[in-house]
Amino acid sequence: MAELPGQIRRMSGGISQLIEQIYGFSRRCLFRVISMGPIPSHLAFIMDGNRRYAKKHGLEDGSGHKAGFSALMSMLQYCYELGIKYVTIYAFSIDNFRRQPEEVQSLMDLMLEKIKSLLEKESIVHQYGIRVYFIGNLALLNDQVRAAAEKVMKATAKNSRVVLLICIAYNSTNEIVQAVKKSCINTSDNMEAYGNDKHEDRDSDIEGTDMENQEKRIQLVDIEENMQMSVAPNPDILIRSSGETRLSNFLLWQTGNTQLCSPASLWPEIGLRHLLWAVLNFQRNNSYLEKRKKQL
Amino acid sequence: MPRHVAFILDGNRRWAKRAGLTTSQGHEAGAKRLIDIAELCFELGVHTVSAFAFSTENWGRDKIEIDNLMSLIQHYRNKSNIKFFHRSEVRVSVIGNKTKIPESLLKEIHEIEEATKGYKNKHLIMAVDYSGKFDIMHACKSLVKKSEKGLIREEDVDEALIERELLTNCSDFPSPDLMIRTSGEQRISNFFLWQLAYTELFFSPVFWPDFDKDKLLEALASYQSRERRFGCRV
Chain W
1 MAELPGQIRR MSGGISQLIE QIYGFSRRCL FRVISMGPIP SHLAFIMDGN RRYAKKHGLE
61 DGSGHKAGFS ALMSMLQYCY ELGIKYVTIY AFSIDNFRRQ PEEVQSLMDL MLEKIKSLLE
121 KESIVHQYGI RVYFIGNLAL LNDQVRAAAE KVMKATAKNS RVVLLICIAY NSTNEIVQAV
181 KKSCINTSDN MEAYGNDKHE DRDSDIEGTD MENQEKRIQL VDIEENMQMS VAPNPDILIR
241 SSGETRLSNF LLWQTGNTQL CSPASLWPEI GLRHLLWAVL NFQRNNSYLE KRKKQL
Chain V
1 MPRHVAFILD GNRRWAKRAG LTTSQGHEAG AKRLIDIAEL CFELGVHTVS AFAFSTENWG
61 RDKIEIDNLM SLIQHYRNKS NIKFFHRSEV RVSVIGNKTK IPESLLKEIH EIEEATKGYK
121 NKHLIMAVDY SGKFDIMHAC KSLVKKSEKG LIREEDVDEA LIERELLTNC SDFPSPDLMI
181 RTSGEQRISN FFLWQLAYTE LFFSPVFWPD FDKDKLLEAL ASYQSRERRF GCRV
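Those protein sequences? They're chains W and V, same order as listed.
For the first sequence, the residue numbers in the numbering used here are 1 to 296.
For the second sequence, the residue numbers in the numbering used here are 1 to 234.
Rather than coming from a laboratory, the hints here were simulated on the basis of the structure.
We treat Cβ as the ideally placed atom computed from N, Cα and C, and that holds for glycine.
Any given hint could be a false lead.
To be verified - Non-contacting residues of chain W with respect to chain V, defined by C-beta distances greater than 12 Å in every case (computed): (1) LEU4; (2) ILE15; (3) SER16; (4) ILE22; (5) ARG32; (6) GLY83; (7) LYS114; (8) ARG131; (9) ALA139; (10) LYS151; (11) LYS154; (12) ALA155; (13) LYS158; (14) THR173; (15) LYS181; (16) SER262.
What the hints assert, rightly or not - Rough simulated footprint, nothing fancy, chain W against chain V, three-plus residues with beta-carbon under 8 Å: (17) 126 to 138; (18) 143 to 154; (19) 192 to 199.
Using the sequences and the hints given, assemble the complete structure.
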């Protein structure tokens with residue numbers, strides 16, 4: 001008689017494993033069917049609604065973010081299974097530093113914990129061969145988080161199957177400013193090299209060569225090359241959870257032609273059906289877009 | 001009430017097709033609709049209305065359509081519209097690349113801008129041959145020129161400085177609070193990029209010529225129900 005509870009537990013454990021396997025198998029079949037149509041190469045997520053989720057379920061604040069992290073892992077799994085190569089997530093905005101210090105600190109602690117866990121053998125990084133980039137003004141992070149991020153980038157640098165871009169201490173207008181500054185530096189380096197051949201003495205403030213040349217050098221391609229996000233193509237789809245329909249200073253430069261989706265679900269409630277809906281919409285619009293692209 | 005409302009006027013051609021009219025008639029209905037909606041917005045207390053009339057990417061369309069679009073822009077300088085601008089004291093600005101626009105049209109644009117530049121309380125901004133990327137690029141080039149002349153240092157370059165060089169610097173409120181796009185497409189299509197950082201977006205399924213007062217009120221009601229946090233907790 002004493003064995004019975006143990007047997008029941010083992011059986012129910014076995015059954016739930018079986019259900020999981022069936023579910024996984026059906027999901028992969030479904031993905032096979034969907035991939036007969038065009039699949040987006042880059043999906044971006046604004047993971048909004050963790051705090052509201054915690055409030056809704058009467059949990060303490062930090063639990064919302066933890067639930068959000070689980071939802072993220074599931075979404076990444078679905079994306080990579082479906083064949084999407086690039087996934088970008090808005091983990092922490094420069095604007096978020098203005099929140100209450102306790103919340104900022106607890107977010108930093110959570111991020112440190114999760115960044116470190118990416119290096120573990122069982123992590124999703126190893127399962128899918130993910131190359132990880134941390135995009136943002138990393139100097140604004142504390143030393144520990146920054147060091148962990150750099151370690152992960154270095155450790156995954158050789159992976160090439162799929163890519164995860166984590167925007168942390170990020171802000172699109174800041175990204176553009178940094179790219180412009182870099183373009184200016186590059187240009188003045190070029191001009192100096194040019195100037196060294198041409199002139200003996202130069203005023204150190206003004207580069208001394210004609211401005212038209214200078215202007216020609218700052219082309220669209222210069223700024224784009226110097227954007228941190230240039231390691232990935234522009235996103236095909238941007239999904240923002242919790243029903244808010246705004247960009248919140250995320251990927252402004254890159255989302256000029258991106259399909260925007262804003263499901264009402266809070267981020268921890270996001271699931272496979274939202275991804276499928278977004279991809280099917282993408283496929284529906286794709287033929288119209290291809291036609292318009294040909295008109296250009 | 002939002003201070004600045006932006007519109008992507010999408011769906012004129014599809015509206016015309018559905019109504020059995022020509023594309024040109026579709027654009028004409030669209031042009032008229034813009035004036036009506038702008039007037040409504042100003043009555044409701046909106047200060048700035050901007051509209052994506054013609055994108056840099058639209059040059060790829062066929063010549064007849066481009067001619068139609070250009071003649072539409074001329075529509076804005078017809079007598080009744082000019083009367084409206086002066087009667088309601090609306091300042092009109094046209095922003096965009098302007099290099100491919102015919103000389104005669106440019107002259108007319110300049111005339112309207114000059115004639116209305118004194119009006120302070122209402123502003124209609126038409127984005128013609130505009131591209132968000134072009135705007136940012138042009139701001140950067142302008143900054144590079146200034147740093148060449150020693151007017152600014154490269155380390156001074158920050159977000160505020162770039163914003164002042166954007167084409168929307170003609171406005172007191174360069175960033176829209178609300179942006180409405182019609183015809184159901186859910187994308188920005190390279191309209192304002194920098195300026196839309198915190199803008200509430202509203203996508204309406206109707207075609208632009210059908211976007212009437214009810215639809216506008218619906219969009220404004222949606223805007224008013226939103227909680228704008230700008231990254232922080234309110």
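Results of checking the hints against the structure:
Every CB of chain V lies more than 12 Å from the CB of W/LEU4, the least distance being 51 Å, so the non-interface label holds. At roughly 42 Å from the closest C-beta of chain V, the C-beta of W/ILE15 stays outside 12 Å, upholding its exclusion from the interface. W/SER16, annotated as away from the interface, keeps every beta carbon of chain V farther than 12 Å; the closest lies near 38 Å. With a least CB separation of 35 Å from chain V, W/ILE22 remains clear of the 12 Å interface cut-off, as annotated.
No beta-carbon of chain V is positioned within 12 Å of the beta-carbon of W/ARG32; the least distance is around 27 Å. No beta-carbon of chain V comes within 12 Å of the beta-carbon of W/GLY83; the shortest separation is about 22 Å. With 12 Å as the threshold on Cβ separation, the claim that W/LYS114 sits away from chain V holds: the shortest Cβ distance comes to roughly 21 Å. The Cβ of W/ARG131 lies farther than 12 Å from every Cβ of chain V, with a closest approach of about 27 Å, so its non-interface assignment holds.
With a closest Cβ-Cβ approach of about 14 Å to chain V, W/ALA139 is found to remain outside the 12 Å limit, as its non-interface label requires. At the 12 Å boundary, the C-beta of W/LYS151 stays outside the reach of chain V, the nearest C-beta of that chain being 27 Å off. Remark: the non-interface label on W/LYS154 is consistent with the geometry, its nearest Cβ contact in chain V lying 29 Å away (cut-off 12 Å). Residue-level check passed: W/ALA155 sits 30 Å from the nearest beta carbon of chain V, beyond 12 Å.
Every Cβ of chain V is farther than 12 Å from the Cβ of W/LYS158; the closest lies at roughly 33 Å, confirming the non-interface assignment. A beta-carbon of chain V is positioned within 12 Å of the beta-carbon of W/THR173; the least distance is around 5 Å. At the 12 Å boundary, the C-beta of W/LYS181 falls inside the reach of chain V, the nearest C-beta of that chain being 6 Å off. With a minimum CB-CB distance of about 8 Å to chain V, W/SER262 fails to clear the 12 Å threshold, and the non-interface call is violated.
Residue count for the region 126 to 138 of chain V with a Cβ under 8 Å from a Cβ of chain W: 4. That meets the three needed, and the coverage hint holds. Closer than 8 Å: that is the beta-carbon criterion, and the region 143 to 154 of chain V has 8 residues meeting it against chain W, so the requirement of 3 holds. For the region 192 to 199 of chain V, the proposed coverage by chain W is satisfied: 6 residues have a C-beta within less than 8 Å of a C-beta in that chain, meeting the threshold of three.
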